[in-house]
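Based on the sequences and whatever the hints tell you, model everything.
Spelled out from the first residue to the last, the chains are:
Number of protein chains: 2
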Amino acid sequence: MQLDQATPVQLREWEAALASEYQSLQQQSLNLDLTRGKPSTQQLTLSDALDGILAGNYKAADGTDVRNYGGLNGILEARQLGANIMQVEVDTVLAAGNSSLTLMFQAAQFALHFGLQGAASAWKNKGEVTFLCPVPGYDRHYTVCEQLGIKMVTVPMLASGPDMDKVEAMIKADANIVGLWCVPKYSNPTGVVYSDETVERIAQLGKIACPEFRVFWDNAYAVHDLVDNPPQLLDIAAACRKHGTEDSVLQFASTSKITHPGAGVAFLAASAANLKGFTAALGTTTIGPDKVNQLRHAHLLPDSAAIRQQMDKHAAIIKPRFACVLQHLDKAFGDSDLGNWEKPLGGYFISFDTQPGCAKAVVKLAAEAGVKLTPAGATFPYGQDPEDCNIRIAPTVPSVAELEQAMQVFVTCVKLASVRARL
Amino acid sequence: MQLDQATPVQLREWEAALASEYQSLQQQSLNLDLTRGKPSTQQLTLSDALDGILAGNYKAADGTDVRNYGGLNGILEARQLGANIMQVEVDTVLAAGNSSLTLMFQAAQFALHFGLQGAASAWKNKGEVTFLCPVPGYDRHYTVCEQLGIKMVTVPMLASGPDMDKVEAMIKADANIVGLWCVPKYSNPTGVVYSDETVERIAQLGKIACPEFRVFWDNAYAVHDLVDNPPQLLDIAAACRKHGTEDSVLQFASTSKITHPGAGVAFLAASAANLKGFTAALGTTTIGPDKVNQLRHAHLLPDSAAIRQQMDKHAAIIKPRFACVLQHLDKAFGDSDLGNWEKPLGGYFISFDTQPGCAKAVVKLAAEAGVKLTPAGATFPYGQDPEDCNIRIAPTVPSVAELEQAMQVFVTCVKLASVRARL
Numbered sequence: 000m001q002l003d004q005a006t007p008v009q010l011r012e013w014e015a016a017l018a019s020e021y022q023s024l025q026q027q028s029l030n031l032d033l034t035r036g037k038p039s040t041q042q043l044t045l046s047d048a049l050d051g052i053l054a055g056n057y058k059a060a061d062g063t064d065v066r067n068y069g070g071l072n073g074i075l076e077a078r079q080l081g082a083n084i085m086q087v088e089v090d091t092v093l094a095a096g097n098s099s100l101t102l103m104f105q106a107a108q109f110a111l112h113f114g115l116q117g118a119a120s121a122w123k124n125k126g127e128v129t130f131l132c133p134v135p136g137y138d139r140h141y142t143v144c145e146q147l148g149i150k151m152v153t154v155p156m157l158a159s160g161p162d163m164d165k166v167e168a169m170i171k172a173d174a175n176i177v178g179l180w181c182v183p184k185y186s187n188p189t190g191v192v193y194s195d196e197t198v199e200r201i202a203q204l205g206k207i208a209c210p211e212f213r214v215f216w217d218n219a220y221a222v223h224d225l226v227d228n229p230p231q232l233l234d235i236a237a238a239c240r241k242h243g244t245e246d247s248v249l250q251f252a253s254t255s256k257i258t259h260p261g262a263g264v265a266f267l268a269a270s271a272a273n274l275k276g277f278t279a280a281l282g283t284t285t286i287g288p289d290k291v292n293q294l295r296h297a298h299l300l301p302d303s304a305a306i307r308q309q310m311d312k313h314a315a316i317i318k319p320r321f322a323c324v325l326q327h328l329d330k331a332f333g334d335s336d337l338g339n340w341e342k343p344l345g346g347y348f349i350s351f352d353t354q355p356g357c358a359k360a361v362v363k364l365a366a367e368a369g370v371k372l373t374p375a376g377a378t379f380p381y382g383q384d385p386e387d388c389n390i391r392i393a394p395t396v397p398s399v400a401e402l403e404q405a406m407q408v409f410v411t412c413v414k415l416a417s418v419r420a421r422l
Numbered sequence: 000m001q002l003d004q005a006t007p008v009q010l011r012e013w014e015a016a017l018a019s020e021y022q023s024l025q026q027q028s029l030n031l032d033l034t035r036g037k038p039s040t041q042q043l044t045l046s047d048a049l050d051g052i053l054a055g056n057y058k059a060a061d062g063t064d065v066r067n068y069g070g071l072n073g074i075l076e077a078r079q080l081g082a083n084i085m086q087v088e089v090d091t092v093l094a095a096g097n098s099s100l101t102l103m104f105q106a107a108q109f110a111l112h113f114g115l116q117g118a119a120s121a122w123k124n125k126g127e128v129t130f131l132c133p134v135p136g137y138d139r140h141y142t143v144c145e146q147l148g149i150k151m152v153t154v155p156m157l158a159s160g161p162d163m164d165k166v167e168a169m170i171k172a173d174a175n176i177v178g179l180w181c182v183p184k185y186s187n188p189t190g191v192v193y194s195d196e197t198v199e200r201i202a203q204l205g206k207i208a209c210p211e212f213r214v215f216w217d218n219a220y221a222v223h224d225l226v227d228n229p230p231q232l233l234d235i236a237a238a239c240r241k242h243g244t245e246d247s248v249l250q251f252a253s254t255s256k257i258t259h260p261g262a263g264v265a266f267l268a269a270s271a272a273n274l275k276g277f278t279a280a281l282g283t284t285t286i287g288p289d290k291v292n293q294l295r296h297a298h299l300l301p302d303s304a305a306i307r308q309q310m311d312k313h314a315a316i317i318k319p320r321f322a323c324v325l326q327h328l329d330k331a332f333g334d335s336d337l338g339n340w341e342k343p344l345g346g347y348f349i350s351f352d353t354q355p356g357c358a359k360a361v362v363k364l365a366a367e368a369g370v371k372l373t374p375a376g377a378t379f380p381y382g383q384d385p386e387d388c389n390i391r392i393a394p395t396v397p398s399v400a401e402l403e404q405a406m407q408v409f410v411t412c413v414k415l416a417s418v419r420a421r422l
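Top to bottom, those sequences are chains V and Y.
Residue numbering for the first sequence follows numbering that gives the first Met the number 0, beginning at 0 and increasing consecutively.
Residue numbering for the second sequence follows numbering that gives the first Met the number 0, beginning at 0 and increasing consecutively.
These are calculated hints, taken from the structure and not from any lab test.
One should not assume that every hint holds.
Repeated chains share a single entry, so a pair holds when one copy, or any two copies, can fit it.
Stated by the list, open to error - With a cut-off of at most 20 Å between alpha-carbon atoms, the simulated EDC-like pairs for lysine to aspartate or glutamate come out as follows: (1) 123 / 145; (2) 275 / 145; (3) 318 / 329; (4) 206 / 245.
Quick caveat: nothing in here was measured; it's all calculated off a predicted structure.
In structure tokens, the structure reads:
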């Protein structure tokens with residue numbers, strides 16, 4: 000199907016055939032959800048040993064009784080787990096509660112109102128401040144900015160990561176740019192892994208940005224590979240040390256898609272100065288994180304080999320789902336101009352671009368046929384996709400059989416919406 | 000020992016005798032800590048069944064898989080646990096993570112920056128805002144205000160709770176008073192339980208305060224009785240309903256001193272309007288709380304009877320410690336003018352008032368004899384006790400034998416500092 004070369008008669012014939020196909024799909028009364036990056040039940044079961052894993056021993060390796068109050072930075076073995084996931088030095092890691100989103104919100108909030116390096120460094124002193132948002136990106140990053148009143152400006156995502164020419168030019172032109180959102184490995188939603196050159200250039204932004212500028216390096220999919228020889232992400236902490244820009248990057252990760260998403264451990268890795276500023280503010284909000292759950296996680300995943308084994312089990316469950324989605328897309332659109340998509344080597348999403356102006360219509364059609372997709376526009380700040388083309392597919396929750404059905408609906412909806420947009 | 004009637008000669012003799020006694024106490028090289036309200040190891044053990052209590056069943060009563068993401072308000076059975084502790088309706092309760100301090104910080108922060116009832120209700124719109132702080136009180140309440148730039152004004156604590164004549168007069172005189180800190184039962188540190196009249200009057204503050212005013216009702220010791228027929232705190236939610244002021248109170252509690260302090264569940268109870276505003280902001284900071292740990296707690300403490308049994312076991316451990324401290328105080332100061340203190344019927348603290356100007360000296364002397372006390376002044380905003388007289392004693396962590404030693408040091412330090420202040 001090549002719409003650009005189609006005659007009006009052809010378009011009308013296609014529309015009629017697709018509408019009829021769509022109607023019969025509707026009659027299946029499906030109820031499928033491809034909206035969020037959630038592990039499936041099968042994946043959750045991989046970590047069921049967590050509850051009870053302590054076998055009555057509530058002592059951390061250094062003798063800390065994890066049941067009681069205290070320990071703002073988390074216990075050492077949990078910080079080591081974070082270091083193993085992010086491949087950073089353990090003394091740069093803080094282990095927190097169950098949500099890296101909370102850590103990101105707190106980092107932005109503390110930097111905005113209190114300053115990470117003293118009150119004089121608070122972003123609010125600058126008046127209106129701006130974050131650069133590579134698009135398409137992660138909707139919950141945007142809601143953090145929106146909630147805190149931080150302006151968002153978009154930058155295109157390329158196959159190598161954010162368009163660094165644009166990022167550098169914008170930062171040079173505007174001293175009120177205080178942040179850059181990054182999902183550097185298996186980017187949400189495009190699946191891109193930042194190239195070495197991109198990481199090197201990001202590590203040098205601290206030289207041209209205002210001193211309060213921070214890269215929010217959300218390494219959510221650091222170990223979430225779907226292939227045997229996965230792409231390696233350059234070590235940004237090491238790159239920053241080389242360039243003397245250690246304070247310009249805050250790294251985030253969690254066990255959310257490694258163990259139990261709702262009940263995991265989140266991590267912040269940062270320079271000594273940033274950790275000092277962060278914990279000074281954090282200490283006014285809590286006595287400390289859930290160290291019992293941190294110890295459980297350290298027992299379940301004591302070293303990098305254990306993490307690798309766990310992630311291999313996840314991959315074995317997830318891979319057929321990704322394969323199913325990609326097969327349907329290949330078959331339906333491999334020889335057409337109706338869409339473009341990535342073939343991610345890890346992560347949780349497949350990003351699909353329709354022809355301009357069709358994404359909302361596709362999501363609506365799919366919903367009306369019982370297939371829930373992430374709202375079109377969600378991958379852009381303020382929910383505004385200027386081209387109305389990006390759709391994020393999250394294939395992990397449904398079974399492969401369900402995905403077969405969902406993808407039949409999806410491809411039919413893309414075709415129908417695309418044809419109708421030409422009529 | 001009555002200092003007011005002592006001659007200079009007597010004072011000098013006392014000083015010499017006490018200094019010698021103090022020196023011999025110093026030679027014991029003690030290392031005891033009476034600083035924080037932490038459960039003892041023996042108390043922690045009461046909840047060791049938590050880890051493993053789910054026995055592989057990660058389903059909440061309504062079928063929710065607690066392992067996965069979601070559920071911002073917490074699972075129903077955890078909310079019921081909060082309702083049982085606070086004796087409120089379950090539909091007014093949100094169950095969160097491990098820290099009620101975090102909930103209080105968030106409530107203050109959300110109210111300040113975002114507004115609990117829409118952006119127009121944000122405290123920041125008023126310019127500088129003020130919290131009333133009954134003193135002596137809880138230092139971590141003050142650090143929340145200090146961190147957020149909220150001004151604090153003190154109100155005296157009476158045996159019936161905050162001095163309500165003053166509270167009402169101040170609120171009538173200042174529309175920028177947006178908050179009142181309360182620990183209504185076994186108040187930190189005085190142990191006072193607010194009288195019915197006080198609660199009734201607090202419930203009516205919403206009629207005279209600005210619409211954005213909120214009582215922060217930190218019911219940290221709701222079930223932490225040390226006697227068989229404990230005093231009953233009037234139900235403030237019911238009182239507010241009667242007076243049509245439901246939006247004026249936010250109630251907080253947690254399982255921190257019921258199960259494992261670092262790994263418990265915290266609760267917010269609030270009106271529908273307040274919960275709506277709170278969760279709207281909360282949803283930008285997290286996908287949801289640790290529901291697995293919530294389910295563990297619901298299993299351990301399924302009803303009010305289970306809570307009562309658990310708290311009786313705590314009381315059996317704590318009571319001898321409180322008795323030891325009180326015996327020492329009675330024996331040393333029962334017939335003197337050197338200090339005043341409360342005999343709390345529950346909670347975690349004994350509050351001791353020295354003669355004016357002696358508290359800092361006592362804490363310093365005790366520290367130099369190996370007994371760590373909460374810094375003098377910590378029970379006042381900005382750490383400033385204008386009379387320099389209040390000392391908070393936290394007797395739960397040391398053993399009774401250790402408390403015997405610590406209290407010997409304490410009374411000697413009080414006597415020595417008091418005498419020296421007259422020389």
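Going through the hints against the structure:
Proximity of residue 123 and residue 145 under a CA criterion of 20 Å is satisfied in both settings, with 15 Å inside one chain copy and 17 Å between copies. Taking CA atoms no more than 20 Å apart as the test, residue 275 paired with residue 145 passes between copies only; the shortest distance there is 18 Å, against 26 Å inside one copy. Only within a single protomer do residue 318 and residue 329 lie at most 20 Å apart by alpha-carbon distance; the minimum there is 16 Å, versus 72 Å between protomers. Taking the shortest alpha-carbon separations for residue 206 and residue 245, only the intra-copy value of 11 Å comes in at or below 20 Å, while the best inter-copy value is 53 Å.
Hint compliance for this structure: every hint is met.
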